[in-house]
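Here the protein sequences line up with chains A and B, keeping their order. Take the first sequence: its letters are residues 1 to 94, numbered as in the numbering used here. Take the second sequence: its letters are residues 1 to 191, numbered as in the numbering used here.
Heads up, some of the hints might be wrong.
[As the list claims (entries may be wrong)] Distance condition first, Cα-Cα at most 27 Å in a straight line; then the derived DSSO-like pairs of lysine-lysine: (1) A:K86 x B:K6; (2) B:K6 x A:K47; (3) B:K6 x A:K40.
[What the hints assert, rightly or not] Cβ-Cβ distance ranges computed for the label pairs, FRET-style: (4) B:T115 x A:Q68: 40 to 48 Å; (5) A:M46 x B:V85: 44 to 52 Å; (6) B:V98 x A:C33: 28 to 36 Å.
The set of hints was computed from the structure by calculation and includes no laboratory data. Glycine included, each C-beta is placed from N, C-alpha and C at the ideal position.
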Amino acid sequence: MNKRQSALLRIMELEFAAIELNLFLDTHPEDRCALADFEKVSQELMKAKTEFEARYGPLMNFGFGRNQGDTWRWIESPWPWEINFKGFELYGEE
Amino acid sequence: MWIYEKKLEYPVRVSSTNPRLAKVIITQYGGPDGELAASLRYLTQRYSMPTPQAKAVLTDIGTEELAHMEIVATLVYNLIRNATVEQIKAAGLDPYYVDHDKSVYFVNAEGVPWTAAYIQSKGDPIADLHENMAAEQKARATYEYLINVSDDPDVTDTLRFLRQREVVHFQRFGETLNLVHDWLSSKKVFY
Ligand SMILES: [Fe+2]
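My request is simple: use the sequences and hints to build the entire structure.
Written as structure tokens, this is what we have:
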């Protein structure tokens, strides 16, 4: 497990929380508690993505991720299907 | 508009080359209860959904299903990527191999290609939401059968995540159905 993969896993964890809250809010749009959690998680997620992109290039296309430096880093490997997380203990695993 | 994010929704871990397992998991890519069918079903039904919650739920779950399609493709790709022709023949995957090599194509476990006839868009939100709830249960059952068949604990972990998502989607569609019922009865239209 390299640093890039750990940083990516942190983003995956935060974004999963955001997905769950998003779907819950779709059918409970006035739930104050879920609204506050969503705001907190999405701020943390944005921060983690900004840090990741500064180091490893854009995580999203079409201008939603920043490309810093003098090459177009979007084309760099690994693409999602090229990463095997084998050997990494996932959250919540004994 | 859709934006691509260069990451999976959930990590994929594959222990070893296993074309036999790829042959059955591929049904969740291009089979009747698979992720392509789920995604396209919700994304095309959303245009005729009447309430704000229903439009959002179909858009968001339809989008999440695209991410699940990508997870399933990643499993299949990594299970067959290093397979020898001998391993492919032993797994009974040679008919697939002659048509597609080791690329990922939309078929069910028996090799039947995906068809739009797997899905419906009826325009009646009650009918469509019931179809979606049934679709989520069928997808859950398929993941359970795949878990029964899987001999790779790392792959099973990802299948368990995907199974759990179907349970959550079923819950959200059920809530959406209740909200649409409320909306219809407020309009004094009864189904
Ligand atoms: Fe689903």
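Tested hints:
Our distance criterion of 27 Å between C-alpha atoms is met by K86 (chain A) and K6 (chain B), whose separation comes to about 19 Å. With a C-alpha separation of about 17 Å, the suggested pair K6 (chain B) and K47 (chain A) falls inside the 27 Å cut-off, and the hint holds. Pair hint K6 (chain B) plus K40 (chain A) holds up; C-alpha atoms about 23 Å apart against a cutoff of 27 Å. Distance hint for T115 (chain B) and Q68 (chain A): a CB-CB separation of about 45 Å, consistent with the stated range 40 to 48 Å.
In this structure, M46 (chain A) and V85 (chain B) meet the distance hint of 44 to 52 Å, their C-beta atoms being roughly 48 Å apart. Look at V98 (chain B) against C33 (chain A): about 56 Å separates their beta carbons, and that is not inside 28 to 36 Å.
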